[in-house]
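K.L.:
Listed below are the residues making up each chain.
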Amino acid sequence: MSLDTKAAKIDRLAELTAKQETSTGASLWVEAYRRLRTSKMALIGAVVIGLFVVLAVVGPWVAPHDPTQMWRGEVFRNRGIFVGPRDGNWFGLDQLGRDEFSRMLVGARQTLMVGVVATLLGLTVGAILGGLSGAALTLGGNTGRKVDTVIMRVIDMMLAMPSLLLAVSIAAVLGQSLTTVMIAVGVVQIPIFARLLRGAMLAQGGADYVLAAKALGVRKRRIVFSQILPNSLSPVIVQATLCLATAIIEAAALSYLGLGNPNPATPEWGVMLAESQAFFDDAPMLAVYPAVGIIITALGFTLLGEAMREALDPKLRS
Amino acid sequence: MSLLELKGVKVHFPVKKGIFFDRVVGHVYAVDGISLSVEAGQTYGLVGESGCGKTTLGRAVLRLNDITEGEVVFDGTDLASLPEEEMRRQRQRLQMVFQDPLGSLNPRQNIESILSEGMAAHGIGANQDERREKIKEILAKVGLPTNALARYPHEFSGGQRQRIGIARALVLEPDVIICDEPVSALDVSIQAQVLNLLEEIQDSMGLTYVVIAHDLAVVRHISDVIGVMYLGSLVEEAPSDLLYAEPKHPYTKALMSAVPVPDPEVEDNRERILLTGDLPSPANPPSGCRFHTRCPWKQDTLCATDRPELKDLGDGHRVACHYATEIAEGRLRRSGESVPATLPGPPSLTHEMHEMHEREEQEEQEERAVDTAQKVQKGQKGPGSGASGGDEPAPAREG
Amino acid sequence: MLRLVIRRLLQLIPTLAGLSILLFLWVHRLPGGPAAAMLGERATAESKARIEEQLGLDKPVMEQYWLFLQRIVQGDLGTSSQTGQPVLDELLLRFPATVELALSAMLLAVVVGIPLGYFAARRRGGWLDVAAVSGSLLGICIPVFFLAFLLRALFAVNLGWFPAGGRQETGMNATEVTGFYVLDGLLTGELDAAWGAINHLALPAIALASIPLAIVVRMTRASVLEVLGEDYIRTAESKGLNKSVVRIRHVLRNALLPIVTAIGLLTGGLLSGAVLTESVFSFGGIGSFLKDAIDNRDYPVLTGFIMFIAATFVIINLLVDVAYSLIDPRVRVH
Amino acid sequence: MALLSVDELSITFTRRGQRDAKAVSGVSFDIDPGQVVGLVGESGCGKSVTSLALMGLLPDKGVRIGGTADYDGTDLLSLSKNRMRDMRGTQLAMIFQDPLSSLNPVVPIGVQVTEILKRHRGMKGEAARKEAADLLDRVGIPDPTRRLKEYPHQLSGGMRQRALIAMAVACAPRMLIADEPTTALDVTIQAQILELLKELVDQEGTGLLMITHDLGVVAGLCDKVNVLYAGRVVESAERRPLFAAPTHPYSHGLLGSIPRLDAPRGEKLNPIRGSINDNIEWADGCAFAPRCDYYTMECLTGTPQLTEPLTAGHQVRCVNPVVEGSTPNDDGDAGRAESAGEDAVGDARDGKSADIEKADTTEASS
Amino acid sequence: ASERGDDNGDKPFVFGAAGDPDSLDPSISSDGETFRVTRQSFEALIEHEPGGTEFSPGLATKWSSNKDATEWTFDLKKDVEFHDGEKFNADAVCANYDRWYNWTGTYQSDLLSYYWQKVFGGFKKNENDSLPASNYVGCEAKDEHTAVIKVKKATANLPGGFSLQAMAIHSPKAIEKYEKENASGSGDAISRPKYTQEAGTVAGTGPFEVEKWNKGNKEITLKKFDGYHGDKAKTDTLVFRTIDTEDGRKQALESGGIQGYDLVAPGDVASLEKEGFQVPVRKVFNLFYVGMAQEKNPALKDKKVRQAVSQAIDRQNIVDTQLPEGGKIASQFVPDTIEGYSDKVPEIKHDPENAKKLLKEAGEENLTVDFCYPTEVTRPYMPAPKDMYQIMQKDLENVGIKVKTHPMKWNPTYSDSVRDGKCGLYLLGWTGDFNDAYNFLGTWFAEPLKEWGFKDKKVFDAVKDSGSEPDLEKRVELYKKANEVVMDYLPGLPVSSSPPSIAFGKDVNPPKVSPLTQENFAEASFK
Ligand SMILES: Nc1ncnc2c1ncn2[C@@H]1O[C@H](COP(=O)(O)OP(=O)(O)OP(=O)(O)O)[C@@H](O)[C@H]1O
Ligand SMILES: Nc1ncnc2c1ncn2[C@@H]1O[C@H](COP(=O)(O)OP(=O)(O)OP(=O)(O)O)[C@@H](O)[C@H]1O
Ligand SMILES: [Mg+2]
Ligand SMILES: [Mg+2]
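Protein chains in written order, with my numbering: chain D, 1 to 318; chain C, 1 to 399; chain E, 1 to 334; chain P, 1 to 366; chain B, 1 to 527.
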């Protein structure tokens with residue numbers, strides 16, 4: 001064994017370690033992202049969502065027709081005469097003679113908006129409530145416990161109501177509009193996020209690193225906001241992805257109950273699905289397009305959410 | 001005067017229960033009247049079985065737990081009665097190293113941020129650059145490369161993580177470091193690295209340590225004075241060599257005899273004192289001498305009724321046993337020889353466990369309904385894990 | 001155990017009290033007020049005022065709330081503006097149908113979901129697993145009302161296997177004892193009535209079960225997978241036990257724990273789903289009644305229903321807790 | 001004749017899209033009736049995997065097992081699942097590390113004990129219950145009839161381990177495998193359990209495979225010791241010769257790094273640098289080389305064989321064993337440790353990449 | 001079982017209703033679904049000819065009034081028996097009318113006594129200032145079979161009012177029982193007495209009597225009344241089952257669960273017929289219009305703007321694509337099947353170009369309108385409000401009118417908003433209660449209403465005058481005049497009249513369908 005070989009080995013060692021240098025500073029997020037990338041589930045979910053988002057963004061511009069433009073004298077709903085797919089109207093015409101393909105494209109934006117805004121609303125309010133409650137408890141003291149109790153009682157009440165009913169009540173009070181749908185669907189999610197964040201914060205509050213920070217003399221407030229809170233967010237983010245799927249489906253259910261987006265000029269998948277059931281026998285595809293759209297989108301978010309859940313699962317980590 | 005002095009420290013955790021409003025129905029007497037003093041530059045070792053209150057005591061010194069009674073005098077000030085903010089500032093001088101190297105590091109902070117957190121809290125270093133310099137210096141001291149700064153805890157091995165934990169304490173330039181089981185989560189070959197590091201740092205920085213561990217050999221290795229705890233109180237305290245040479249308390253004797261020595265000669269020839277049963281519940285400690293339920297030298301008088309005080313038997317050897325001198329002089333026979341290794345222990349441990357389950361159940365109910373998946377974990381693992389016999393973590397399973 | 005029950009029941013009080021305030025305020029924030037809601041199409045300012053006076057709505061809000069509270073405490077949930085009947089009667093009349101439907105759906109979800117989830121986990125990566133996982137994903141993502149619609153179109157109209165709606169054959173004239181038609185049929189020995197009721201239940205129950213079934217499958221699978229990795233399973237295997245013993249006593253029993261909790265959580269969603277399903281199948285339960293109530297702004301019914309549901313919800317979760325503690329000795333309170 | 005004879009056992013985990021992971025390779029040892037054979041090593045060196053392979057408890061998929069394990073003329077590794085099921089509990093039994101998690105939390109102790117009697121000894125009802133109570137009594141659980149009705153969480157740690165032992169010995173197996181049976185317990189309890197195991201071995205003539213990382217336990221209990229490092233037996237010897245003269249640098253280092261209760265105070269520990277994850281993907285060579293103070297150029301190539309360089313029955317897998325008078329190999333070593341250690345920071349996640357930790361160079365060179 | 005095959009007599013005839021009835025007592029209801037059921041067991045003094053809108057003898061064989069139309073004399077049918085065995089006579093008639101007149105308390109709420117108030121105004125003792133004085137004077141039993149009902153002054157609501165199901169005659173014995181249970185108002189709703197909710201107490205004279213109301217299963221079961229005075233029912237059992245959704249009813253019919261249902265979506269007519277179901281069409285008796293509220297949108301005060309809106313909307317397209325076959329464009333505010341329809345009103349042509357021109361002339365090129373439509377309903381005259389709305393919206397936009405969409409829930413938001421004049425444009429319609437043009441015109445144009453937001457004496461006078469003319473023939477002429485005046489003013493755009501369809505199974509003989517939706521199911525039978 002010559003000295004060169006040894007040198008070679010050592011060089012190789014250095015090389016390997018050097019390579020490792022390039023991947024330094026990987027935070028947990030980066031790490032989770034890396035794991036996400038290898039997940040087939042995440043990939044499918046991401047592709048679907050990506051497509052959907054692109055649709056939502058460019059839909060109105062690439063739509064071949066104005067979604068409100070009517071081809072007169074071709075569709076006679078009262079006689080069950082519909083127009084199926086054909087040149088220029090790839091998905092056929094809807095019950096009023098409008099281009100279904102364009103309506104699907106434009107509808108994507110509405111559908112996404114309902115999901116995103118509703119979830120953001122649920123997330124924001126829920127996270128504020130849950131965060132407040134968690135922070136109050138962690139910061140301790142009698143006041144903290146009281147604040148927590150009050151918030152949690154409110155959350156309990158919200159939780160005790162079937163989500164759809166809650167949504168329906170809100171729609172009943174606020175009247176019918178897209179905003180109502182978003183609020184209704186969002187409010188339903190508040191308790192989910194609140195409890196999740198609070199739970200996570202409590203769990204994190206007992207972690208050793210929190211104790212360590214306390215031992216370092218870090219101020220409580222800082223511990224709560226720069227240590228506990230950021231560490232409690234990942235389940236919330238996963239949940240948000242999953243909630244997006246639910247929100248889209250729930251919005252469709254509201255549409256079915258007649259509480260959906262009432263503005264007929266802006267097509268929305270849930271409304272399209274709910275309406276087209278009335279002439280399912282004559283034109284089943286008019287129900288199938290939006291149904292498939294909703295299902296696939298919801299599937300995309302669910303897949304991504306599940307994959308994220310797996311990627312962020314502390315059990316699978318190291 | 002001692003740098004750190006504990007006078008009759010008690011930490012009792014209330015056990016709460018109630019239908020509507022929680023009501024205190026009892027206490028866990030985790031630390032129940034401990035007095036000891038630690039000299040500057042010394043290492044004070046605390047040993048004892050799992051659940052005897054070592055961690056609680058360690059935390060009480062930093063007031064990470066509420067102190068029910070007693071004084072913690074540090075450099076002349078009683079920490080127990082300091083206002084919150086003062087106490088926070090005192091923590092710069094009193095630091096802690098934790099048992100679980102990974103768990104005690106925030107997974108989302110990189111090393112630089114972890115290490116500068118405390119400095120920022122105490123206004124050490126004018127700006128981040130200055131702090132970074134200091135941190136680099138400490139990193140070198142604990143044997144970590146400077147490029148570790150930008151990395152995250154999960155990228156390090158166990159031994160390295162513990163070094164980070166030590167560095168975190170060191171950047172504040174404390175006077176006292178409390179090490180709570182600093183090596184029990186580490187593999188044997190790594191343990192030695194960390195122990196050596198601790199010793200080295202002590203020498204170079206003139207630190208005072210309180211080292212908590214359940215491994216008598218480890219404690220003895222680095223301590224000048226050792227205190228043996230049993231069920232919330234000190235049963236014996238002596239200089240390290242003295243304790244090994246002449247354990248006086250029956251519990252210490254048993255402990256000593258139970259520690260395996262990696263030497264067949266020793267193992268084959270030593271006499272074992274097998275204790276019967278398990279540690280009683282600190283929520284329901286036995287009357288009189290806490291140890292009398294398991295003591296092979298238990299006597300009919302005093303033991304079950306009177307709680308023995310720590311008595312100085314000379315040479316700084318303090319023992320809390322009514323019959324310490326009698327045993328030392330061989331005047332008392334051990335009932336042990338004929339006692340089988342398997343005598344029934346008091347069943348009281350289960351009480352404590354019930355309480356713990358209730359506590360956990362409550363928390364669980366609060367968290368229920370949020371994320372069932374989370375729940376699975378808790379429901380499966382939560383209840384009971386607190387009641388597991390030992391504190392030594394199972395080596396992480398992979399996969 | 002008793003303490004748990006009492007504790008939970010006591011917790012109902014603040015929840016219901018809070019709810020009552022919210023509901024009261026909600027009702028009084030309704031556009032046009034209750035009178036307008038009741039009169040609907042024919043409302044004129046005068047008739048509105050008249051009704052408001054008749055109903056005592058011209059009194060101060062606090063006094064109204066007080067009266068409202070008094071009535072509620074006495075179990076008087078008010079009168080449905082749709083039917084002019086006591087809300088409590090109306091709810092009790094329809095609750096059995098919904099409970100029957102929800103229970104069937106839950107039963108379906110549990111009976112099908114648990115074995116499916118179990119075998120999917122056992123044969124992880126196999127075709128059954130893939131099918132179960134993708135099926136359950138689909139189950140979660142398909143809107144319930146659309147699924148119900150499809151089921152009806154296919155199995156009731158095209159194939160004619162099941163009736164398209166309702167709870168019982170017309171003119172069956174079955175004796176009603178409990179209001180649970182299947183149970184009634186069995187109790188009175190009118191087997192054709194029981195069979196008819198089951199026939200009518202089938203499609204709505206399947207539609208309603210889609211989400212809980214999907215969730216149960218996924219949870220069972222995840223939970224079984226987790227349990228399979230537990231040390232005690234290794235212990236059981238190391239004892240050389242029979243497969244069935246290991247499966248049932250050691251794997252399933254532990255895997256069931258989180259599912260029990262999940263079932264409690266699913267009930268809320270089940271009720272929402274029932275609104276949709278019952279409406280598709282004209283199933284005479286509380287769901288479709290509620291939809292009518294919403295359409296007609298029958299807010300006494302809505303108020304009563306929410307109170308009712310809140311109580312039910314708490315009770316269901318109580319049951320879940322009890323069941324949980326029966327299965328899991330660790331949480332048992334002695 | 002040996003009760004169990006393990007020959008060239010190798011276990012490889014395979015995973016789609018990932019490189020095969022050799023957890024154990026070429027492990028051989030014999031166990032005679034009434035003999036206690038120790039398997040020591042650091043966390044992750046393959047101790048548990050070995051025991052699971054012998055019990056047939058490794059997952060069906062994703063594992064490749066090679067070699068043989070001859071028990072009474074049958075090869076355990078090639079037995080059908082059902083045959084293995086019959087063997088387990090009756091011929092071979094196992095005790096696990098964490099007594100709490102190894103007991104089913106929702107099934108009473110009694111059921112967990114009787115089910116094995118019902119399965120293998122065909123006992124039923126009252127008879128089984130009585131036998132179970134006797135078993136608990138035998139392992140020193142007081143008030144066994146009451147304990148039978150209790151759940152694992154109601155027992156203390158030591159009690160749980162006793163219950164597990166009771167289950168293991170319920171059908172008088174001839175071979176017992178104990179995987180770190182005392183790691184989760186306090187020393188005083190550990191002493192009790194070790195005593196109990198000793199008794200069993202002495203009285204029943206059971207063969208015991210004792211897996212542990214605690215050299216102290218080995219020193220007190222085992223007749224023969226196998227030291228494992230990264231899936232290979234690096235040293236195998238009778239207990240006394242091993243502790244008297246640990247020959248492999250790893251065993252040597254291990255012994256040197258444990259603080260001993262009986263050693264004079266102030267004695268320095270001699271840690272092994274780095275951690276077990278520090279193995280580069282050497283195409284060949286000794287896995288311990290990166291941490292070894294005694295490595296030579298040869299260590300970097302060809303896998304060393306288990307040989308008996310000094311005494312019969314004392315086998316070592318090392319080309320440069322530690323014998324009296326040999327000193328740590330300094331040549332170029334410090335430089336290497338310096339250069340690699342300075343900028344290499346371990347990747348704890350997998351052992352694939354290099355991880356050379358800067359050890360305390362002061363000790364390393366002293 | 002084999003007998004059953006031969007004789008369908010005991011197989012129930014199931015009809016799918018769109019909603020649950022709210023009461024079994026028609027006199028305290030105003031809801032079509034309720035009347036559909038009660039009509040099978042209650043009869044009024046006057047009825048309509050089967051399948052038509054002409055009055056025909058009901059419980060009275062003959063009726064006449066004095067010259068001023070203030071005294072109505074009824075010759076009552078003999079040998080008529082109520083379901084509870086009571087005899088029908090003049091006293092029974094008066095007992096009913098006096099009951100209504102004497103109503104107090106909650107009964108005076110128009111939730112319960114809507115039709116009484118509509119036909120006769122107030123009560124004996126009005127408990128509320130807002131109620132008008134009653135037009136009812138009294139009822140007198142001249143002899144056993146002659147009843148006389150007196151009113152203060154002539155009204156176009158009579159004799160039509162006597163034919164309303166709400167004025168159907170109940171057994172006096174039943175009425176006594178009714179009195180024991182009172183409607184009451186408490187808390188937040190008005191409660192209907194128990195007898196209205198379960199079979200047993202109510203008793204009329206119709207061919208069926210109510211046997212059971214199973215609310216849980218949403219079914220009302222009626223059984224043949226063997227003592228019926230006219231042609232006895234052809235099926236023993238008649239069941240009304242509620243199926244709330246349109247597609248639900250359709251699929252129930254297709255799957256054989258029901259034998260018929262009402263409110264068939266126009267789009268389903270063709271496919272049902274194709275499958276062999278019977279889909280008879282009712283005679284046209286409704287009107288669908290676009291309302292315009294001038295106060296809400298002052299631009300509409302200009303007739304040119306109203307004309308522009310009217311000419312912008314392609315009514316033919318709506319009739320072609322949305323309405324059932326037989327639907328046609330309406331030229332005025334009454335359907336052409338009613339007496340008083342005028343041929344002389346000018347035709348409104350669909351002319352977008354002209355509409356633009358008119359707007360320009362009116363200086364309203366940037367006109368914006370608030371356009372409301374109801375969600376969640378279909379009406380016989382408006383099978384798909386949202387779709388119809390969308391077509392009109394597009395039409396308006398095509399002539400440059402900006403449209404702000406206001407969808408609202410039918411009940412109560414939409415009705416409230418429309419009635420309060422909060423919608424610039426809105427969709428609404430009317431189905432006649434009986435054959436009298438005043439039932440249409442009087443509803444809208446007898447006085448200033450916020451929903452129209454105009455005060456035009458000429459229009460109001462023309463309508464009011466026609467309504468108070470006691471002589472029938474003269475009245476018809478006045479109606480024609482009034483229609484012309486109204487259309488000249490053009491307060492809104494009449495869109496269409498359409499025949500609502502009703503569907504029946506292949507194996508049944510359906511009853512004659514009625515434009516007033518007064519099908520008599522006694523005529524129905526299995527083939
Ligand atoms: N926050 C708390 N609330 C209630 N009881 C507690 C709390 N923390 C600790 N205890 C109890 O106090 C006793 C002492 O606990 P402590 O953690 O100090 O023991 P320890 O000696 O450190 O044990 P180990 O070796 O297991 O770490 C135990 O019985 C424990 O259950
Ligand atoms: N199911 C598995 N899939 C892949 N690799 C595995 C699996 N089980 C174990 N391994 C790997 O096999 C090696 C040996 O693991 P094993 O559990 O036998 O270690 P051990 O010596 O028992 O350690 P410890 O002291 O921590 O129990 C480890 O590197 C581990 O990562
Ligand atoms: Mg501790
Ligand atoms: Mg292991």
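These are computed hints drawn from the structure, not numbers from a lab.
Careful: at least some of the hints might be erroneous.
As the list claims (entries may be wrong) - In silico BS3-like links for lysine-lysine, alpha-carbon gap of 25 Å or less:
1) K291/E / K194/B
2) K198/P / K243/E
3) K243/E / K268/P
4) K243/E / K22/P
5) K311/C / K214/D
6) K243/E / K124/P
7) K134/C / K146/D
K.L.:
Against this structure, judge whether each hint is valid.
P.N.:
Going down the list of hints, with the structure as the test:
Straight-line distance between C-alpha atoms of K291/E and K194/B comes to about 23 Å, which keeps the hinted pair within the 25 Å bound. Among the hinted pairs, K198/P with K243/E is inconsistent with the structure: their alpha-carbon atoms are about 32 Å apart, more than 25 Å. Restraint check for K243/E and K268/P: the C-alpha separation of about 54 Å exceeds 25 Å, so the hint is violated. For the hint linking K243/E to K22/P, the alpha-carbon distance of about 30 Å lies beyond 25 Å, and the restraint is violated.
Distance check on the hinted pair: K311/C and K214/D sit about 36 Å apart at the alpha-carbon level, beyond 25 Å; violated. With a CA separation close to 19 Å, the supplied pair K243/E and K124/P stays within the 25 Å bound. About 43 Å separates the Cα atoms of K134/C and K146/D, which puts this hinted pair outside 25 Å; it is violated.
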